[in-house]
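Engineer: Add chain B to chain A, keeping to what the hints say.
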Amino acid sequence: EAQVTQNPRYLITVTGKKLTVTCSQNMNHEYMSWYRQDPGLGLRQIYYSMNVEVTDKGDVPEGYKVSRKEKRNFPLILESPSPNQTSLYFCASSPFGGSGELFFGEGSRLTVL
Amino acid sequence: QKEVEQDPGPLSVPEGAIVSLNCTYSNSAFQYFMWYRQYSRKGPELLMYTYSSGNKEDGRFTAQVDKSSKYISLFIRDSQPSDSATYLCAMSAQSSYKLIFGSGTRLLVRP
Chain A
403 EAQVTQNPRY LITVTGKKLT VTCSQNMNHE YMSWYRQDPG LGLRQIYYSM NVEVTDKGDV
463 PEGYKVSRKE KRNFPLILES PSPNQTSLYF CASSPFGGSG ELFFGEGSRL TVL
Chain B
19 QKEVEQDPGP LSVPEGAIVS LNCTYSNSAF QYFMWYRQYS RKGPELLMYT YSSGNKEDGR
79 FTAQVDKSSK YISLFIRDSQ PSDSATYLCA MSAQSSYKLI FGSGTRLLVR P
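Chains A and B are the protein sequences, given in the same order.
Each position in the first sequence, counted from 1, maps to that position plus 402 in the numbering used here.
Each position in the second sequence, counted from 1, maps to that position plus 18 in the numbering used here.
Worth flagging that the hints you see were computed from the coordinates, not collected in a lab.
Since we're looking at a predicted model, the values are computed, not measured.
There's no promise every hint is true.
[Unchecked claim] Taking lysine to aspartate or glutamate pairs in the DMTMM-like style, the calculated list, with each CA pair at most 20 Å apart, reads:
#1 B/K116 / A/E464
#2 B/K60 / A/E403
#3 B/K74 / B/D96
#4 B/K116 / A/D461
#5 B/K116 / A/E432
#6 B/K20 / A/D440
#7 B/K116 / A/E455
#8 A/K471 / A/E481
#9 B/K74 / A/E503
#10 A/K467 / A/E481
#11 B/K116 / A/D458
#12 A/K459 / B/E21
#13 A/K459 / A/E481
#14 B/K116 / A/E503
#15 B/K20 / A/D461
#16 B/K60 / A/E503
#17 B/K60 / A/E481
#18 A/K471 / A/E455
#19 B/K116 / A/E403
#20 B/K60 / A/D440
Chain A extracted, bound-state conformation (with noise of 0.2 Å):
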């Protein structure tokens, strides 16, 4: 089944310890790309890639990192999480580029204490 894998699907974590939400899609996409989700504020794109070892920032870039050195995986880096990170977060993947459809993952609930 094609699909957008993210893991953890929950996490609750506290100011500081770092941490890393992963994302694996199995469609041979080129393009990823992770959001963060906020009521009232809809979807922002935090970072995104447009190939193997091409990254670069979305909207919302300040605290995280990314990676991609496979093709399949798009992780997401908080070095060093904050209260203000609290949020829903959403790996994408697209065959097109951003512009086009995108294949959402399940969603990744972070809270940071």
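Structural biologist: Then chain B, alone, in the frame of chain A:
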């Protein structure tokens, strides 16, 4: 001002009603317009995709784009309780690598 504005709702309608969901935008360079549906505790999934102006119909769903007014709409005919979800509009410019999303409208269809 946000690039894309969308009424958050919630919008509550009885089963069988015609639903109209709307977004306005400010960037005249937008050419690709999409509607995503997001069920609770799920990721968004593409519902409708249109290029430039005009209408597109798919079953009970019709998407309309009016570029002169910078206004897009999604109509749902004969709405069903299974249509209860959050609907997100999204759009992009031809030269862009990203979609700009509206904040979503929550729809509840009452049996």
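Engineer: All hints are to be evaluated individually against the structure, with a verdict given for each.
Structural biologist: Each hint tested on the structure:
For the proposed pair B/K116 and A/E464, the alpha carbon gap of about 18 Å is at most 20 Å, so the pair holds. At roughly 17 Å between alpha-carbon atoms, B/K60 and A/E403 fall within 20 Å of each other, so this suggested pair holds. At roughly 17 Å between alpha-carbon atoms, B/K74 and B/D96 fall within 20 Å of each other, so this suggested pair holds. A distance of roughly 10 Å separates the Cα atoms of B/K116 and A/D461; the hinted pair therefore holds under the 20 Å criterion.
Under the criterion of a C-alpha separation no larger than 20 Å, the hint pairing B/K116 with A/E432 is consistent with the structure, at around 14 Å. A distance of roughly 15 Å separates the Cα atoms of B/K20 and A/D440; the hinted pair therefore holds under the 20 Å criterion. Of the supplied pair hints, the one linking B/K116 and A/E455 holds, its CA atoms being roughly 18 Å apart against a limit of 20 Å. For the suggested pair A/K471 and A/E481, the alpha carbons sit about 18 Å apart, so the restraint of at most 20 Å is met.
With a CA separation close to 16 Å, the supplied pair B/K74 and A/E503 stays within the 20 Å bound. For the given pair, A/K467 sits about 8 Å from A/E481 by alpha-carbon distance, which is consistent with the 20 Å threshold. With a CA separation close to 11 Å, the supplied pair B/K116 and A/D458 stays within the 20 Å bound. With a C-alpha separation of about 18 Å, the suggested pair A/K459 and B/E21 falls inside the 20 Å cut-off, and the hint holds.
This hinted pair checks out: A/K459 and A/E481 have alpha carbons roughly 16 Å apart, not beyond 20 Å. For the suggested pair B/K116 and A/E503, the alpha carbons sit about 10 Å apart, so the restraint of at most 20 Å is met. Using a Cα cut-off of 20 Å, the hinted pair B/K20 and A/D461 holds, with the two alpha carbons roughly 13 Å apart. Between B/K60 and A/E503, the direct Cα distance comes to roughly 17 Å. Compliance with the 20 Å bound is thereby established for this hinted pair.
Of the supplied pair hints, the one linking B/K60 and A/E481 is violated, its CA atoms being roughly 26 Å apart against a limit of 20 Å. A distance of roughly 6 Å separates the Cα atoms of A/K471 and A/E455; the hinted pair therefore holds under the 20 Å criterion. Simply put, B/K116 and A/E403 have alpha-carbon atoms about 26 Å apart, too far for the 20 Å limit, and the pair is violated. Pair hint B/K60 plus A/D440 holds up; C-alpha atoms about 14 Å apart against a cutoff of 20 Å.
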